[in-house]
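Enquirer: Residue-level listing of the chains:
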Amino acid sequence: NAGVTQTPKFRILKIGQSMTLQCAQDMNHNYMYWYRQDPGMGLKLIYYSVGAGITDKGEVPNGYNVSRSTTEDFPLRLELAAPSQTSVYFCASSYSGFGEQYFGPGTRLTVT
Amino acid sequence: AQSVSQHNHHVILSEAASLELGCNYSYGGTVNLFWYVQYPGQHLQLLLKYFSGDPLVKGIKGFEAEFIKSKFSFNLRKPSVQWSDTAEYFCAVTKGGGADGLTFGKGTHLIIQP
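Each protein sequence line maps, in turn, to chains A and B.
So the first sequence is numbered by my numbering: it starts at 1 and just counts up by one.
So the second sequence is numbered by my numbering: it starts at 1001 and just counts up by one.
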């Protein structure tokens, strides 16, 4: 199993550009999550999904959108990139909503 | 909303020293507790978890943690650290039965000097 995979690993965006961060898992997990990690701040939840077609906002959803058309994929969309979105983004999945989460390797995004 | 506090943001120890990292959470209901580790350049990995039962849980690489409900604490311990334990350590909590993700502490950057 590949586990949780994320692409790209690194990206530099100009202010106002848009992009999609890809996340896929091959463990047949229903629950998937997007977090951002800022230095000294831990990880904060952006969006989560409890199954295909169902998504909900986390603690810091502004400036992002998600979709979940399949169990495997959970892309994160940035529509108008801002410097405040410079961060490392982690995708995670879990079998149950309150159990262990498996994390991807992360995407380091810089917005200039 | 629940929150997680990690008391030590930077810890420097020598090899073979004992380690204890503090973690407190604020949620009053049933919780599930986790410690994750992030080695340099790698993604987060689970060290150990507590759902119920024996409040002293053992994880990988000789780590253990004790859940003290009355103190809302879940401190991480290791009797003798190694240089390879240099990493960022995160305490996290989910509400029992909840599906809305992990709430993380801000992390502790641990440096082990040879």
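Honestly, I wouldn't trust all of these hints.
To be verified - Okay, derived cross-link-like pairs now, BS3-like style, lysine-lysine, Cα gap no bigger than 27 angstroms in a straight line:
hint, chain 1, residue 1, chain 2, residue 2
1, B, K1095, A, K44
2, B, K1071, A, K57
3, A, K44, B, K1071
4, B, K1069, B, K1049
5, B, K1061, B, K1071
6, B, K1106, B, K1095
7, A, K9, A, K57
8, A, K44, B, K1049
9, A, K44, A, K9
10, A, K57, B, K1106
11, A, K57, B, K1049
12, B, K1106, A, K44
13, A, K14, B, K1069
14, B, K1106, B, K1058
15, B, K1069, A, K9
By construction, these hints were calculated from the structure, which means they are not laboratory data.
Enquirer: Each hint should be assessed against the structure and marked as holding or not.
Expert: Against the structure, the hints:
For the proposed pair B/K1095 and A/K44, the alpha carbon gap of about 16 angstroms is at most 27 angstroms, so the pair holds. Among the hinted pairs, B/K1071 with A/K57 is inconsistent with the structure: their alpha-carbon atoms are about 30 angstroms apart, more than 27 angstroms. Between the alpha carbons of A/K44 and B/K1071 the distance comes to roughly 24 angstroms, so the proposed pair stays at or under 27 angstroms and holds. Distance hint between B/K1069 and B/K1049 is fulfilled; the C-alpha atoms sit about 15 angstroms from each other, no more than 27 angstroms.
A threshold of 27 angstroms between alpha carbons decides the hint, and for B/K1061 with B/K1071 the separation of about 26 angstroms falls inside it, so the pair holds. Proximity of B/K1106 to B/K1095 is assessed by CA-CA distance (about 18 angstroms); at most 27 angstroms being required, the pair is judged to hold. As the CA atoms of A/K9 and A/K57 are separated by approximately 24 angstroms, the hinted pair is consistent with the 27 angstroms bound. Restraint check: the Cα-Cα separation between A/K44 and B/K1049 comes to about 19 angstroms, which is no more than 27 angstroms; the hinted pair holds.
Taken as a hint, the A/K44 and A/K9 pair is honoured in the structure, with Cα atoms around 19 angstroms apart against an allowance of 27 angstroms. For a cut-off of 27 angstroms, the pair hint linking A/K57 to B/K1106 stands: about 21 angstroms separates their Cα positions. Only pairs whose Cα atoms come within 27 angstroms are accepted, and A/K57 paired with B/K1049 is accepted, the gap being roughly 25 angstroms. Restraint check for B/K1106 and A/K44: satisfied, since their Cα atoms lie roughly 10 angstroms apart, inside the 27 angstroms limit.
With a C-alpha separation of about 48 angstroms, the suggested pair A/K14 and B/K1069 falls outside the 27 angstroms cut-off, and the hint is violated. About 22 angstroms separates the Cα atoms of B/K1106 and B/K1058, which keeps this hinted pair within 27 angstroms; it holds. A C-alpha spacing of about 40 angstroms is found between B/K1069 and A/K9, which places the hinted pair above 27 angstroms, so the restraint is violated.
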